[in-house]
Amino acid sequence: MLEIAFVKPDALPRAGALVLLAAEVESAAAAAPPQGLGQRADEATGGAIGRALQAAGFKGRKGQSATVWAPGAGLTKVVAVGLGKAAELSPEAAEAAGATLLPAVSSDAEATVSAEHLPPALAVALAMGAVLRAYRFDRYRTKEKEEDKPKLQRLTVVTGEPDAARSAWAAQEAVAKGVYLARDLVTEPPNVLNPAEMAERCRQLEALGVEVEILGPKEMRKLGFGALLGVAQGSENEPRTVVMRWMGRSGGGGGKGRRNSEAAAATRPLAFLGKGVTFDTGGISIKPAQGMEEMKWDMAGAATVVGLMAALAGRKAKADAVGLVGLVENMPSGKAQRPGDVVKSYSGQTIEVINTDAEGRLVLADLLWYCQEKYDPRFMVDLATLTGAIIISLGHEHAGLFSNDDELAQRLLAAGLAVGEKCWRMPLGEAYDKQLKSDIADMKNVGGRPGGSITAAQFLQRFTNGKPWAHLDIAGTAWASKDQGSTPKGATAFGVRLLDRLVAEHYEG
Amino acid sequence: MLKVRLHREARDPGAVRALPLAEGAAPPAPLRAAAAAARFTGKAGQVVESLVPAPRTLLVGAGPGAAPLDWERAGGEAAAHAGEGTRVLALDARGLPPGAAAALAAGACLRAWRFERHRTRDVKPGLERLELIVDRPRDVAPFWQRAAAAVRGCLLARDLVAEPANRLSPAAFAERMEGLAAHGLAVEVLGPKRLARLGFGALLAVGGGSANPPHLVVLRWKGTTGAAPVVFVGKGITFDTGGVSIKPAAGMEEMRADMAGAAACAGAMLALALRGSPAPAAAVLALAENAVGAASYRPGDVLRTLSGRTVEVLDTDAEGRLVLADALHYAATRLRPRAIVDVATLTGAIVTALGHHRAGLFATDAALAAQLAAAGEAVGEPVWPMPIGERHREDLRSDIADLRQCAPHGSGVWGGRFLPDACHAAAFLREFAEGVPWAHLDIAGVELRREADALGIKGASGFGARLLDALVAMRFEEAEG
Numbered sequence: 001m002l003e004i005a006f007v008k009p010d011a012l013p014r015a016g017a018l019v020l021l022a023a024e025v026e027s028a029a030a031a032a033p034p035q036g037l038g039q040r041a042d043e044a045t046g047g048a049i050g051r052a053l054q055a056a057g058f059k060g061r062k063g064q065s066a067t068v069w070a071p072g073a074g075l076t077k078v079v080a081v082g083l084g085k086a087a088e089l090s091p092e093a094a095e096a097a098g099a100t101l102l103p104a105v106s107s108d109a110e111a112t113v114s115a116e117h118l119p120p121a122l123a124v125a126l127a128m129g130a131v132l133r134a135y136r137f138d139r140y141r142t143k144e145k146e147e148d149k150p151k152l153q154r155l156t157v158v159t160g161e162p163d164a165a166r167s168a169w170a171a172q173e174a175v176a177k178g179v180y181l182a183r184d185l186v187t188e189p190p191n192v193l194n195p196a197e198m199a200e201r202c203r204q205l206e207a208l209g210v211e212v213e214i215l216g217p218k219e220m221r222k223l224g225f226g227a228l229l230g231v232a233q234g235s236e237n238e239p240r241t242v243v244m245r246w247m248g249r250s251g252g253g254g255g256k257g258r259r260n261s262e263a264a265a266a267t268r269p270l271a272f273l274g275k276g277v278t279f280d281t282g283g284i285s286i287k288p289a290q291g292m293e294e295m296k297w298d299m300a301g302a303a304t305v306v307g308l309m310a311a312l313a314g315r316k317a318k319a320d321a322v323g324l325v326g327l328v329e330n331m332p333s334g335k336a337q338r339p340g341d342v343v344k345s346y347s348g349q350t351i352e353v354i355n356t357d358a359e360g361r362l363v364l365a366d367l368l369w370y371c372q373e374k375y376d377p378r379f380m381v382d383l384a385t386l387t388g389a390i391i392i393s394l395g396h397e398h399a400g401l402f403s404n405d406d407e408l409a410q411r412l413l414a415a416g417l418a419v420g421e422k423c424w425r426m427p428l429g430e431a432y433d434k435q436l437k438s439d440i441a442d443m444k445n446v447g448g449r450p451g452g453s454i455t456a457a458q459f460l461q462r463f464t465n466g467k468p469w470a471h472l473d474i475a476g477t478a479w480a481s482k483d484q485g486s487t488p489k490g491a492t493a494f495g496v497r498l499l500d501r502l503v504a505e506h507y508e509g
Numbered sequence: 001m002l003k004v005r006l007h008r009e010a011r012d013p014g015a016v017r018a019l020p021l022a023e024g025a026a027p028p029a030p031l032r033a034a035a036a037a038a039r040f041t042g043k044a045g046q047v048v049e050s051l052v053p054a055p056r057t058l059l060v061g062a063g064p065g066a067a068p069l070d071w072e073r074a075g076g077e078a079a080a081h082a083g084e085g086t087r088v089l090a091l092d093a094r095g096l097p098p099g100a101a102a103a104l105a106a107g108a109c110l111r112a113w114r115f116e117r118h119r120t121r122d123v124k125p126g127l128e129r130l131e132l133i134v135d136r137p138r139d140v141a142p143f144w145q146r147a148a149a150a151v152r153g154c155l156l157a158r159d160l161v162a163e164p165a166n167r168l169s170p171a172a173f174a175e176r177m178e179g180l181a182a183h184g185l186a187v188e189v190l191g192p193k194r195l196a197r198l199g200f201g202a203l204l205a206v207g208g209g210s211a212n213p214p215h216l217v218v219l220r221w222k223g224t225t226g227a228a229p230v231v232f233v234g235k236g237i238t239f240d241t242g243g244v245s246i247k248p249a250a251g252m253e254e255m256r257a258d259m260a261g262a263a264a265c266a267g268a269m270l271a272l273a274l275r276g277s278p279a280p281a282a283a284v285l286a287l288a289e290n291a292v293g294a295a296s297y298r299p300g301d302v303l304r305t306l307s308g309r310t311v312e313v314l315d316t317d318a319e320g321r322l323v324l325a326d327a328l329h330y331a332a333t334r335l336r337p338r339a340i341v342d343v344a345t346l347t348g349a350i351v352t353a354l355g356h357h358r359a360g361l362f363a364t365d366a367a368l369a370a371q372l373a374a375a376g377e378a379v380g381e382p383v384w385p386m387p388i389g390e391r392h393r394e395d396l397r398s399d400i401a402d403l404r405q406c407a408p409h410g411s412g413v414w415g416g417r418f419l420p421d422a423c424h425a426a427a428f429l430r431e432f433a434e435g436v437p438w439a440h441l442d443i444a445g446v447e448l449r450r451e452a453d454a455l456g457i458k459g460a461s462g463f464g465a466r467l468l469d470a471l472v473a474m475r476f477e478e479a480e481g
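If you're matching them up, the sequences are chains W and R in order.
Take my numbering: the last position of the first sequence gets the number 509, and nothing is skipped along the way.
Take my numbering: the last position of the second sequence gets the number 481, and nothing is skipped along the way.
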């Protein structure tokens, strides 16, 4: 991961790239290097930078950048990045600037950002944007040319208050690591990342102080995870359920001895659950070939939960949280589940499987019931690349949010806005629930095309036992088809920052 | 619509009686035993028929009996269970507030609607008259007048939606609209020549493949407040084959309902006129048939819309947004509206998103959106807010025109099989509202009832007419402030 160093405004860097941040001005003629390092660099180069920016038509608009090559004073380049209107300067704008500047300096060995005009919180947001944008997955490239590889190892951010920035960055860096971990997991090919391998990677969180428990097929059979096991039975790769516990508040004691019910409520853990279908062929209800390779990311919900647990543990969040992921591979084979099968879920409710490609909800059904029964959580939030219908509903900008709890839903919406992982609330209701009626079992696993994401959520709701719950359908947001802000093309890790923010904002301290 | 009379007592000895009861209310003594035996609790949807003692009486559950909608549904259930051959229903609303009594009658009228015009034999007679039994007819009458106006508006919309496309061409639709002048609406019809002169490039292109040329109808209600009008814009594709991008054959007959948006707007205008609303209002109905013909427009065509903006056509089956583009621009620039609400059976995507239970609501004005949502809940035509994101607008960038009408298939993640077409359509329409506070109701999926319920038989629902009428009542009847 790109290293970030916060330093005091001191001397001009003597080599490498210098990044200047400029607020928006009316016309390019008014563009001038910002005060401080910017002006000093301009003076050191005999006014070359100012002239170049004017010639480039640089106005400091959000997302705008201009590069001045070899302006003198030993610098390889000066990059000017627009912050947008000064009055609208926000963490979001600073993060966007960080994301904009990164590609412009990634081929340099050294780069310094002149952020001494920004409050330390914005300098940290800028660093976050740069780090998140710098993500690459090059594990399987064996022939990349040297000149195509990024050289930047360390980004120096000049700030007036390096100590404040450093301590704020420590927490953000842990979150960024969680995002990286989630992106890695999602990007890994499905022949490498099968359920057992993903469970092993979860175990690595023990190094951060997370308790990790892995349930194999035997344990799950004994418990009666009939819905999850039905999905897994077609594959050679056996399923796993992984439970990760971070007891940052109680230290693992679980608040024993407390009598006060309010205090007891506060010590109940927060629960996060993820769908982890390491590859989804659709099973016997097999998917069309076109685009099927993308089904390797059908475990993005689980990856997000793993990334979140790493973030919470990494920044030593003062909250008790439990993360559960259901890991299976959905394959067609002679022993695969068939359309028409009836399975008995862990809750005891029976499910008629109409479509084996609606498997995510079967996995989550057992997880949700197990979670509420075993951990009595304050709330459960599940994440899943659940339905194509949510993409038809909302596209790729918002995740679908379904919830039986208005307060939780509001908090999730607000947290999503704050970190740029937007959600849109979708309805639930009895009329939709009725679409799941089965002739021979307690329910069907699909409710038809109309309202397809809603009926999927209704299905999940039947396994929440009425506890506060929210469901994020991230099928449209887990993967980006092009670079967008601090998210490069590919796995987005959508949800890690959102849920970390949710915890930080409302459930710590 | 049923003939409704308000009386203190049932008059017709042959009438079937119906007694609606909220949960927990005790049935009258003679019916108590029957109610108990049938485990009648007053739950919504519960109906118990008591044959002894005479007369035949239906006990009808009204659920909590809190909202007018509870009573509407009870009235509807009573009508649904009146029985074959029953001509007169006596609804006992004694002891109920006047609003609830009117709601009972409204529900019965909505449920009793039938569309039998094209049957020539073995037509089964249905309910004809309703006696609404109330304590004080004079107190209930104004409530009923108001409710009846909305019901008649809704039923006009249903009649139009149910009419097959060979009977309801754009010209025939326009002609029916001329009949609304009798109720005090000003009706203006723009035929194909005038549309061409004015530059309705999108509406004309969509209608180009049909032998039945497009029309634009403008309905105006003057009102009394002197404020700027609220304007409804309706999609009126009298039949939608899809055009050159032709639809699959299965289910295509339902495309005769692709003018349900225009029908809802017309119904709302009738309701406003019948109840003499003080609010100035207008409706712009874009009527065309999307047929396959030698003069059909093609995928790839670039159209010049009334607004001057050019639009690249990708899919001739995304025609609704094109006719609305011209109608919206006309409404926004010619009628000086306070707000615009368009109603359209626009996209299959909204059915995937919200199913058959809610319409999609897109808006540029939060207050207008909130009022529409509240109006929808009040009349049992629920909507759900949906987003127009930056990405949705970006997806409409065209390589050769000002914008394209929808996004192409086959690009992006999931093999490009999934497109947020309802959001794209809304982003497209927003361009043509010209900055006027605007909302868009995508009613695909709710324009037809999939099965009978308390307020209607299977088929045309009239969705939108009562909602818009309720919106005007809630928001636009005071002078502009």
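Note that these hints are calculated values from the structure, not bench results.
The structure presented is a predicted model; accordingly, all values stated were derived computationally and were not measured.
For glycine and all other residues, C-beta sits at the position ideal for the given N, C-alpha and C.
Honestly, I wouldn't trust all of these hints.
Said to hold, decoys possible - Restraint-style ranges between C-beta atoms, simulated for each label pair:
(1) W:L223 with R:E390: 44 to 52 angstroms
(2) W:E407 with R:G99: 27 to 35 angstroms
(3) R:A38 with W:L223: 18 to 26 angstroms
(4) R:R450 with W:G209: 35 to 43 angstroms
(5) W:I286 with R:G251: 24 to 32 angstroms
Said to hold, decoys possible - Here are the simulated lysine-lysine pairs, DSSO-like style, with alpha carbons at most 30 angstroms apart:
(6) R:K247 with W:K287
(7) R:K458 with W:K467
(8) R:K124 with W:K437
(9) W:K177 with W:K316
(10) W:K316 with W:K218
(11) R:K458 with W:K434
Checked hints:
1. For L223 (chain W) and E390 (chain R), the hinted distance range of 44 to 52 angstroms is satisfied, since their beta carbons lie about 46 angstroms from each other.
2. Separation of E407 (chain W) from G99 (chain R) is about 34 angstroms and conforms to the stated range, judged on CB atoms against 27 to 35 angstroms.
3. At roughly 45 angstroms, the beta carbons of A38 (chain R) and L223 (chain W) sit outside the given window of 18 to 26 angstroms.
4. A beta carbon spacing of about 54 angstroms between R450 (chain R) and G209 (chain W) contradicts the range 35 to 43 angstroms that was offered as a hint.
5. Between I286 (chain W) and G251 (chain R), the C-beta spacing of about 26 angstroms keeps the proposed range 24 to 32 angstroms intact.
6. Proposed proximity of K247 (chain R) and K287 (chain W) is supported: the alpha carbons are some 23 angstroms apart, at most 30 angstroms.
7. A distance of roughly 37 angstroms separates the Cα atoms of K458 (chain R) and K467 (chain W); the hinted pair therefore is violated under the 30 angstroms criterion.
8. Simply put, K124 (chain R) and K437 (chain W) have alpha-carbon atoms about 33 angstroms apart, too far for the 30 angstroms limit, and the pair is violated.
9. Restraint check for K177 (chain W) and K316 (chain W): satisfied, since their Cα atoms lie roughly 13 angstroms apart, inside the 30 angstroms limit.
10. For the suggested pair K316 (chain W) and K218 (chain W), the alpha carbons sit about 33 angstroms apart, so the restraint of at most 30 angstroms is broken.
11. A hinted pair counts as satisfied when its Cα atoms are at most 30 angstroms apart, and K458 (chain R) with K434 (chain W) qualifies at roughly 18 angstroms.
Hints 3, 4, 7, 8, 10, counting from the list given before, are not met by this structure.
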